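K.L.:
Residue numbers (this note's numbering), protein chains in the order written: chain D, 81 to 376; chain F, 81 to 376; chain H, 81 to 376; chain C, 81 to 376.
Simulated from the structure, these hints should not be mistaken for lab results. Values in this document were obtained by computation on a predicted structure and should not be read as measured data. Mixed in with the good hints, there may be bad ones.
The list treats identical chains as one, so a pair stands whether inside a single copy or across any two.
In silico lysine-lysine, DSS-like type, Cα no more than 25 Å apart, as pairs [as the list claims (entries may be wrong)]:
| id | residue 1 | residue 2 |
| --- | --- | --- |
| 1 | Lys313 | Lys341 |
| 2 | Lys365 | Lys152 |
| 3 | Lys260 | Lys376 |
| 4 | Lys313 | Lys104 |
Protein chains: 4
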Amino acid sequence: MHNHYTTKRATVLALEEMLFEPLKILDHGFIRVIDYMGNDSAIVQAARVSYGKGTKQLSQDKGLINYLMRHKHTTPFEMCDIKFHIKLPIFVARQWIRHRTASVNEYSARYSILGNEFYLPERSNLAPQSQTNKQGRSMQEVPIEIADKVLALLEKDSKTCYQHYIEMMNQDEEGNIIEKNTIGITRELARMNLTLNYYTEWYWKVNLHNLLNFLLLRADSHAQYEIRVYADKMLEIVKNWVPLTYEAFNEYRLEGCNISKKGLTVIKKLINNEQVTQETSNMSKREWEELMQIIK
Amino acid sequence: MHNHYTTKRATVLALEEMLFEPLKILDHGFIRVIDYMGNDSAIVQAARVSYGKGTKQLSQDKGLINYLMRHKHTTPFEMCDIKFHIKLPIFVARQWIRHRTASVNEYSARYSILGNEFYLPERSNLAPQSQTNKQGRSMQEVPIEIADKVLALLEKDSKTCYQHYIEMMNQDEEGNIIEKNTIGITRELARMNLTLNYYTEWYWKVNLHNLLNFLLLRADSHAQYEIRVYADKMLEIVKNWVPLTYEAFNEYRLEGCNISKKGLTVIKKLINNEQVTQETSNMSKREWEELMQIIK
Amino acid sequence: MHNHYTTKRATVLALEEMLFEPLKILDHGFIRVIDYMGNDSAIVQAARVSYGKGTKQLSQDKGLINYLMRHKHTTPFEMCDIKFHIKLPIFVARQWIRHRTASVNEYSARYSILGNEFYLPERSNLAPQSQTNKQGRSMQEVPIEIADKVLALLEKDSKTCYQHYIEMMNQDEEGNIIEKNTIGITRELARMNLTLNYYTEWYWKVNLHNLLNFLLLRADSHAQYEIRVYADKMLEIVKNWVPLTYEAFNEYRLEGCNISKKGLTVIKKLINNEQVTQETSNMSKREWEELMQIIK
Amino acid sequence: MHNHYTTKRATVLALEEMLFEPLKILDHGFIRVIDYMGNDSAIVQAARVSYGKGTKQLSQDKGLINYLMRHKHTTPFEMCDIKFHIKLPIFVARQWIRHRTASVNEYSARYSILGNEFYLPERSNLAPQSQTNKQGRSMQEVPIEIADKVLALLEKDSKTCYQHYIEMMNQDEEGNIIEKNTIGITRELARMNLTLNYYTEWYWKVNLHNLLNFLLLRADSHAQYEIRVYADKMLEIVKNWVPLTYEAFNEYRLEGCNISKKGLTVIKKLINNEQVTQETSNMSKREWEELMQIIK
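Please put together the full structure from these sequences, using the hints given.
P.N.:
This is the structure we're talking about:
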C-alpha cells in the first residue's frame, strides 16, 4: 500500500491511478511509473511566460498546445518530467540508452548478481530477415519446426550460460557461497558470460519533450518489435498523463510526415492534374515509392 | 488560493509550504518554486536500483547519501527536479544561462513589451574593482558622493532608455497605441534600446545534480553579488526540500576543497613537521597562497 | 599571415580558403571560421561503421547522405565540428545562446572593458510590428521621418550610456585611469548601464547536426532579421565545407515541410479531385492557410 | 597509405603520427585516433577571448592552462575535439556509453552480422570478488585450476552461442546463405544469443573537457580493469595531443583529491600537532581511513 499525501502541485488523477503499478511487457519485463511532474496546464503556463501579454488571443489550452507542437516550440514540453522503473532485455537496453537526454540508474552487475530471467520471443515473432529493409524483419513467420528449433537453442544457451555464471562466482543468486573451500571469480567478470537476452532493470527519468522524441523513433514501425512494445505502452501512459499533448503529438508528429522539396513539387503537380512520373520528378526510385506510400 | 490535491508521489511538507510564494531578491526580483519531483528518499531509492542486493550494508539513507556525494556517484541526484519562476536583471540572466543543462522559458520581448523595472544596486554594494581579482569587486565601498553620482547616472539612463523604447514602438506598457496617426517600430527592434539592468522573467527547471553544480559556482564568494543572492536563496530552498542532500553537499562540496598533487605533498610535510616553503614546494606564489588560505 | 601545416586529417580546400577571414555581418559584426573537423566523407565513414557490411548497396556518398538526412539518422552528422569567432549585438547573443548544445567562450565584461561599438539598423530595416505575426515585423517600412527619429534616439542613448559606463569606472576603453584622485566602480556593475545593441564576441563551437538545427530555426523567415543574417552566412560556409550535406539539408529540411495527419487527408482529397474546404477539413483557419501556402 | 594535405588549422605533430594506427587493447580490441581539432594553444586562445584585455598578466600558455584547470574554468577545454575508432567488448561498451556527452556511431547488429571475436581475460586477471569493495575485484588471483576452469567455460559458451547465432540466421559471417531450402531468423533477433564478451566497434567523438571527465572516472583504480586499459591508452594519447593540459590534469585532478569540511579540520589539527582521532573527528570509520590513506 502506498501513502497518500496532500499537495499543491499539478496532479493528474488518471496517472495517479497507474502510479507504481507494473505494466507487463514481453515475457518478464515491465514499466512502472514512479513519479511525474507537470501536466498539460504546466506546458501552457510555461508557454505563457514566454509569450507574456502577447498570448491573450491564444486563450485556450488545446489551441496553444497544438500551436506549440505544430511550430516546434519545444521548450514548454521540457517543463514536464516522468520517471519510470523499467525491466527490459539487455539488447533492448542497448538501443534505448542511445537516447542520451535522460537520467538513468541501472542495476549494476558489478555490485550484485543478476537475476535468472531471460527473454524468449513468442513463436509468432520469429521472423526472417526482411529483404527490403536492411535493419528489419519481414512480415512472414518462419515455419514452426524452425521456430521450435530456434527457441530451443535460445533457451538452452541462456540457461547454460547463467548456470556457468553462477558456477564461476561460486555464489548463488542470493549471494550465498555454493561450495565451501573453493573460490569464485568476481561478479564484474563472470557477468560477461551472460547472453544479451538477460533482463536488466533501471530507473529512467526524462522530460516530456525528449520522451516524445524517443517515442517518435521507437513507437514507429521501423523500430525493433522488442523496443516498440515498451514505446507503445509509454504512449498509453502519455495519453493518460497529458491528453492534449498526446493528441497534438499524434496529429502533427506520429501520423504526420515530412515532405521534401521535390516531394512538394510532385504533390503540387498532382493536385493540378499535371503529369509527373518518378523519372520526371528527379526523385530516386525509393524516394518516389516512399512518397506514393504517403499520399496514396 | 491554490487547490490541494491528493497524491501518492513523494511529497515534502517544508517545500509545499514555500510553493508559489515569491521570495524577494534584490530590489524587484524574486524566486518562486512552481513544482518539484522527488525527495531525499527518491535519491536513495534510485541508488538502490543500481546497487541491487549489494546495498544491504548501507542501510541508512543518510549514510548512503553521504557516500554518493563523497564518491561523486552523481546519477541518483539527477532523479529529483525542481521548477522555479524567477525574475532577474538581464545581466544576471546572461551569466545564468551559461549553465546549459536546464530547461528555460523566458519572457520574450519579441512577443510582448517588457515591464518598466530596472535594478539599482544598494549604495553599500557599489564597490570599486578589486586589485587582486581580475573579475571581482574589492571589499571596500566607494565614497558616498561617488555612489550617489553613480546611482543617479544608472537611474537616469535606465529611465531615459525605457521612455524612448516606448516612444519608438508608439505603444505603452499595456500595448495601447500612444499617438494615433503615427506609427512605431517593431518590439524586437525597439528592445535593443534597453539597458542590461532591466528585469526579465523565466521558468527554469533543473535536476538536483545540475542545480548543485550551479550552486557550487554561484553561491561562491567569487560569484558576482547579484547572482549570488539568487543562489543563496536557492540553497535555503534545497535545505527545505532535501535536507540530507543539503548537508552532504555542504560537507563535501561547498565547504570542502580540492588539493593538488603538490598541495598534498606540502600538507604531508607540514604534518610531519618537515620544512617546506613556497620555493621548495614548486608551487606558484598564488597557488601557495591559496593553499595557505585553506589550511591556516 | 597564417602558417601552413601538413596533416593526414580530412581537409576541405574551399573551407581552408575562408579560414580566419572575418566575414562582415551587420554594421560591426563578423563571423570567422577558426577551425573545423571532418567533411562529407567523414559523415559517410561514420555511417558505414554503423551499417557495417550492410551498406554495400548504398555505395555512393551522395546517396547515403541523402538517405541519412531523409530518415533523420542524425548521429553521423555529429561527427563533424566547426568553431567560429563571432561578433554580434547582445540582444542577438541572447537569442543565440538558447541553443544549448554548443560550446561557448564569451568576452567577459567582468574581466575587461567592453569596446565602444553598438548596432544601428539600416533605415530600410526599421519595420513596424507585424499585425499577423505576434513576434515579427511587418513587410512595410516606417516613414523616413520616423526612421530618422528612431535612429537618432538609438544612437544618442547608446552613446550616452557608454560614456557613463566609462565615467562610472573612471577607466577608459584601454583600462587607463581617467581622473586621478578619484575612484570608479567595478566593471561587473558598470556594464549594466550598456544597452542591448552593444556588440559582444565569442568563440562558438558546434557539431554539424546541431548547427543544422540552429540554421533550420534561424535561417528561417520567422527568425529576427538580425540573427538571420548570421545564419545565412553560416549556410554559405556549410555549403563550402560539406556540399553534399548542404544539398540534402536544403532538399529535405530547409525547403521541405511537415504535414499533419489532417493535412495529409486534405492533400489526398485534392489529388483525387475531391471537394474539401477548411470547414470540412477539421483544421483551424490558421492551419488551413498555412497548408494552402505550402501547396499553392 | 594516407594522403597528406596542407592546412592552416592547429596541427599536432605527435598526434599526426598516431593517426589511424590501431593501438592494441585487450586480446582483440583497439583504439585508433581518426581525427582531432585543436591543441593546447586553441584552449588558451578561447580563454583569452573570454578574458579579453584582462589576461595580459597571464601571458604564458602553461600558466593559463594550470589556472583554468585549478579553478575549474572548463569551457575552454571544450574547444578541442577528438574522434576515436574503438573496438571493445559489449560489457565494456555498456559502461562506456553511460557517459552521455559524446557522439557515437556503433556497429549495428540489426544491419550486419557481428564478427566472431570475443574477449577472454588473461589468467592473471581472474580475480575473486573483493571483500572490502562491493564493486571490485580483490588483489589476489584465483588458483590456476580454477582459472583454467573459468577460461574453459567462457570460451566454450562464447563459441557455442556464436555458432547457434549463425545457425539461427542460416547465414555465415559474410552473409552467405548456409543451407539452401531452409530459412533463418532476422539478425536483430539472433544477436540476443551472443554473450556480453563479444566485441563491438564504434566511432566515439568527444570534446577534451568531457574526455577528461571520462578519464578521471575510468583511468581510476576503482574502474573495472577492462575499461581502465582503454582509459590508460587514451591518457597517453592526450599526453601527445595536449601536453600542457595533460600535465595540469595530472596535477590538479588525477593525482589531486577532494577534502571534506571535516577532513580539513583534521588536517589543520594535525599540522598544529593537536590530538585528533576518528572518534573526535566526527568522521565515519571509512571516511577516516580514506583520509589517512591520502595524507599518510
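K.L.:
So, for every hint listed, does it hold in this structure?
P.N.:
Structure-based check of all given hints:
no., hint, in the structure
1, Lys313 - Lys341, "between (35 Å within a copy, 22 Å between copies)"
2, Lys365 - Lys152, "between (30 Å within a copy, 19 Å between copies)"
3, Lys260 - Lys376, "neither (70 Å within a copy, 38 Å between copies)"
4, Lys313 - Lys104, "within (9 Å within a copy, 44 Å between copies)"
The earlier numbered hint that this structure contradicts is number 3, and it is the only one.
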